[in-house]
Amino acid sequence: MTEAGLRHVVDAPLESPAPSSGLLNVFRRRYLLRLLVKREISARYQASVLGLFWSYINPLSQLFIYWFVMGKIIGRGTEMLAIHVFCGLIVVQFFVETFNAGTRSIVRNKALVQKMAVPREMFPVASMLVSLYHMGPQLVILTFICALCGWTPDPLGMAGFVLAVAIIMLLGTALALMFSVANVFMRDASSVVSILTNFVRFSVPMIYPYSLVDSRFGSFAQFYLLNPIADAVLLVQQAFWVGTTKNPDAIQAVNIPDNLFAFSFLALGVSALLLVIAQLIFMRFENKIPERL
Amino acid sequence: MAYPASTSIVVEDVTKTFTLRYHRTLKQMTVAAVKGREISDTFNALSEVSFTVEQGESIGLMGLNGSGKSTLLKLINGVMRPDSGSVLTRGRIAGLIATGAGFHPQLTGRENVFLNAAVLGMTDAETRRKFDAIVEFADIGRFLDSPVGHYSSGMQARLGFAVAIHVDSDIFLADEVLAVGDKPFKQKCLERMQEVRDSGRTLFYVSHAAGSVRKMCDRVIVLDKGRLAFDGGVNEGIKFVKYDEGTTSDDELSDDELGSDI
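Top to bottom, those sequences are chains A and B.
Using numbering that gives the first Met the number 0, the letters of the first sequence correspond one by one to residues 0 to 292.
Using numbering that gives the first Met the number 0, the letters of the second sequence correspond one by one to residues 0 to 261.
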């Protein structure tokens, strides 16, 4: 009706109101994504006196525990064991947090998903970005301690570090996408995920050096390297830990596999492929999400 | 399937089926299978609903509880997709399907306004420009910078409504708008929705209140058990759902008008 004499002309095509799904659409709505990430981060530290400082205390305390227990009590041979472990811990925590929080993300944002037309891939992706953000303080601590131990960054190592982060970002998002939708249909999914993540810590050369894997498994060590997370951990150790030891070249030769970069690019490719598959699975089930929540 | 440029909403042969699951755990499902009971069942929340809406029309959507009103609104809002048939809309949609959906209880009112506005598709600059108007409308005073979790339900609803109404939309959906909030606020909402209507936006208003539908709308659609039962004039529509029986007058702002029976 135009009783008020106003003619409201809409210059837009007639189209489906449902948001076209897909990860690309998530990045088209970057502003909302940024706010969702900010919401998660600031909600976590709201009403705490130390605030963001906690995200430094937590990794520091873990670093201390590993240094004391593994280095002083158990006292095994690996040089700079605390840094060795911490390199692994950064990768593992980034992955585990993405996987766990991402799996729960859609169910946790029930209210939004049921009532607003937002691309649902937004939530697992936001979980991944929050986890990435939490890696920041850990990285600061790692860099600082490594620098104290006489480490200097080298370009190849840093490139490897970036590659490691990229692998975990893709792999974590892929798994979070798949399991977040599974979690809507069966809440068992989040329990399965927490069991799966228990294995992660021990499937990477974190509390044991890669040289042990190599000497125990021999030629089967190749299969160990098919695990993308193990590759990522080794890349980070190559970037930081190796440089802190007394004889980096010898350490590199024994503890970092020669063809690590080849395996890492393979891992990156596999993770990217997995992300495509995850997206297809997500789209297949997405329609039923609002009613099943 | 060509529609004129003035068409705002097209709902064509839309069916939406929900799956009901009686038994959820493995144990329950095994027991049910052994006893030969149904494990799941489906029902049609909407079946073969078709209509088109022109830009600027204001539609009152009526029907008993469970007749499919909210499902239809969710399809138009894009939260759900139809199982068959198609829903098409033109332009930006804002609505009061869920005032304050996605409010984060730990964040302050201010942060939530930005978040909610972004969910509704507003940019940062747009929100900043309208921020004062939103806050003024919500009338929450100095609570703006305290966590939304501490708000009363009425305050949360006010803030949610204030954000939604300030979105520059072409289609405005309103469900359960007036279920919360005190009388002055309800009055303010109704006035604001009249403004929305008069500005030429398409209005989709779900209500059980015959009085406010009569005041707001120029067309009524009635759903009955998921089917389109009536589509036409306001008075005939209200008569069709028999909502004006028993109400004596609607010249004063009675409950009839405010929809307190929602």
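Misleading hints may appear alongside valid ones.
To be verified - Which stretches of chain B does chain A cover? Using the computed rule of at least three CB atoms under 8 Å from a CB of chain A, they are:
id: 1; segment: 6–19
id: 2; segment: 109–117
id: 3; segment: 195–208
These are calculated hints, taken from the structure and not from any lab test.
Don't be surprised by glycine CBs; every beta carbon is placed ideally from N, CA and C.
Hint by hint, here is what the structure shows:
1. Only residues whose C-beta sits within less than 8 Å of a C-beta in chain A count toward coverage, and the segment 6–19 of chain B has 5 of them, enough to reach three; the restraint holds.
2. Counting residues of the segment 109–117 of chain B whose CB lies closer than 8 Å to any CB of chain A gives 4, so the stated coverage by that chain holds, three being the minimum.
3. Counting residues of the segment 195–208 of chain B whose CB falls under 8 Å from any CB of chain A gives 5; the rule of at least 3 is met.
The structure agrees with every numbered hint stated previously.
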